[in-house]
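**Student:** Now for the letters of each chain:
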Amino acid sequence: MAKAGTQAKPEVLLDIRNLRIEARVFPPGEAPRDITLVDDVSLTLKRGKVLGLIGESGAGKSTIGLSSMGYGRGGCRITGGEVILNGRDILKSGKSGIRKLRGREVCYVAQSAAAAFNPAHRLMDQVVEAALLHGTATRAEAERRAIALFRKLSLPDPENIGRRFPHQVSGGQLQRVMTAMALCSEPDLIVFDEPTTALDVTTQIDVLAAIKDAIRDTGVAALYITHDLAVVAQVADEIMVLRHGKLVEWGGTRQIIKEPRQDYTNALVSVHEIEHREKKPGTAAFLSVKNVTAAYGGGTVKVLKNVSVDIFPGQTLAVVGESGSGKSTLARAVTGLLPPSEGSVTFSGRTLANRLADRTKEDLRQLQMIYQMADVAMNPRQTVGAIIGRPLEFYFDLRGKRRDLRVAELLEKIEMGKGFIDRYPAELSGGQKQRVCIARALAAKPKLIICDEVTSALDPLVANGILKLLLDLQQEEDVAYLFITHDLATVKSIADSIAVMYRGEVVRYGPKSEVLKPPFDAYTDLLLSSVPEMEIGWLEKAIQGRRMESAGN
Amino acid sequence: MLDLKRIPAGAWLGLVFTTLFMVAAIFAPWIAPYGLGEIVGNVWEPASAQYWLGTDNLGRDLLSRLIYGARTTILIAVLATALSFTLGSVLGFTAAVVGGWFDTLMSRFVDLLMAIPTLIFALVVLSVLPSTLVTLILVMGILDATRVYRLSRAVAVDINVMDFVEAAKLRGEGSTWIIFREILPNALSPLVSELGLRFIYAVLFLSALSFLGLGVQPPQADWGGMVKENKDGIVFGIPAALIPAAAIAALAISVNLVADWVLNRTTSLKGGRG
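Protein sequence lines correspond, in order, to chains A and B. For the first sequence, counting from 1, position 115 maps to 115 in our numbering; every step adds exactly one. For the second sequence, counting from 1, position 222 maps to 222 in our numbering; every step adds exactly one.
Hints are not guaranteed to be accurate.
Claimed, not checked - Chain B side only, calculated, beta carbon under 10 Å to chain A, not exhaustive: (1) Glu-166; (2) Glu-173; (3) Leu-184; (4) Val-262; (5) Arg-265.
Hints were generated in silico from the structure; no laboratory data involved. Using N, Cα and C, we set each Cβ at its ideal position, and we do this for glycine too.
One chain only, chain A, in its complex shape (with noise of 0.2 Å):
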């Protein structure tokens, strides 16, 4: 390896110095104006090491991640500061110096690695891209290295993965190749963008065990964005908090989840804590769905096998599982939108229609469903008060004053003002949209709603106001969820009963703390001990006690 410039390697690799990034935005009824994203940010980090960067969402960790490549995304300014890296000031250094840069002192590894690779092209082709690019290695000389960090990453037959397009890998092996990627130009730093909050629990824990590993082994300095705080724990040295684009706390990585000092890291460290008493299941359930069976592909794909879980008026079911068990499969046999091919779904006493269309209006009424990406589940066209009006319109023949009035009734009861009933979702903030699909589904009065990995998509605190909203609604209209998701966080602090789903069939069902409780079956076990507790060290112990390997989706 004889790249320019080795033997006069600084210690610190990183230094920013009081970034600055401004960006133009367009507010409703207002002229354009300037808005800053990061004020007055620094940081240092020295060479091999990692450093996390974490906040909700719009607090500018993956502005400030990008800033280290000199690159803004989407209009945005870099507008003060310096960004000095190896020695020198990036942002000084101008186009081709900052082309010289990329891929090779700094690589970057997306989000969502499926949207991020070039569907055309083969996954070796875009690994190795980097480093011919900029010639750091011949192509034989970096493909034995993309092989060698591939069984470095535990992908499976390293050796031919290479030759794979992206849509024949399963995600966690994609957001994997996507590391070997960014390590495979050899660079001295890896910008990691939240590179396991798309996946599942199950596989999340491998991925993350695979980069700590890379790390280690190439001694590569990394800035972890993410912003769940079990994670970070797990690969970070030191970890910075941000809010707002300001800097809120910047510690080591035991400091900062053992002993926070600032009020916003307390409030991220325990952020999942509602206090749920489960409720005793009734003798009545108002909703049974009995031994379905369900396929895609006329009966080839059996997605459902033999199912059969209860229903409690005002209680939450709670159906956990990784993604491909089935559970939205369920939803959608028990919404009719896939008809089940056997077996049948019970609503107060009678047997509901297999196909939607041969549904009663009032069957429909009685279940609603909220969904998990709340920007495409509202029509971008219409305004806040047309979307909640709709059902009410639609159901209740409410028009005009009536049916503002109880628009108006319905956006206090999710906590937002009457301001909002001319906006358009684009308005609305990720926590907003989700707050009005739920005014949406109550508007129907329903028994049941079903959601379906409501918060998943939402920030942590964001996500805990949306669960308590939720249970609040329960108390106060009786209606019953049925509540799909893979975090066992939300689980715990909101269901009255779980249904655990493997591979298309329901392998422990139950009141919560029975299912909660050991002994458990190889799979909930697997399910448990992946959720990411805020302990160092956890990660190595997980792995080690696990019983059996994901099903790897």
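Put chain B on the given structure of chain A with help from the hints.
**Tutor:** Coordinates of chain B only, in the frame set by chain A:
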């Protein structure tokens, strides 16, 4: 809502010219200095104070014929475009939402129509049927509807799988609501940009038909027909044929400037407030 100061210069230009053409078309009998078929001077007189654009191959005032021609050309093009858009988008959206055999049947039928070159198809039909305004509009509208159908079906198929459409289906909404309230507003941007183009294609198509003698019949004036009448003059260096051609070009450009601007406004997801 509409802030006049924020309309860009290009859109202004388009708006002014489009309005000019529209006014000319609507108020033709009051604006035109001479009658439509009135022979007022010699053949191919040059432009003068009396005849602003000169006279044509029979000695009729070119400006007056141009103004009356705008009326016929724009009327037919507008009606044909309206027909093709209503027909094409409604059928396209329905095919995307209903799917199944309806979709297959419609799409294959449209493929069949598109497989025959439009101009030849129109020539055959128009030479068989009596050449009236109504047949002309119907033929042009239906042939153009195939293109609109293709576009709107493709756009709607993408929108139809979004969660908000699924939410509407779960609510129990009928196809009419889904097509007009959920899909149409989200498909508007590509449709508007297509609308500008299609209108102009309609003008060009009509002009081509008239030039070939199967469009608007004399003594009625339309721009394509006027090019035909005066084309022999080009050999003698007389620009009379170029004037209606220039009018076609000007209309094409100005309508599309307006369409672009409307497109910019409809793409905003914040109700055009941002």
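**Student:** Each hint: holds or not?
**Tutor:** Against the structure, the hints come out as follows:
Taken as an interface hint, Glu-166/B checks out: its beta carbon lies about 7 Å from the nearest beta carbon of chain A, inside 10 Å. Checking Glu-173/B against chain A by beta carbon gives a least distance of about 7 Å; that is within 10 Å, so the hint holds. A hinted interface residue such as Leu-184/B counts as satisfied when its beta carbon comes closer than 10 Å to some beta carbon of chain A; here the least separation is about 9 Å, so the hint holds. A least Cβ separation of about 15 Å between Val-262/B and chain A goes past the 10 Å threshold, and the interface hint is therefore violated.
Taking 10 Å as the C-beta contact cut-off toward chain A, the hint placing Arg-265/B at the interface is violated, the least distance being around 13 Å.
Hint compliance for this structure: hints 4, 5 are not met, and every other hint is.
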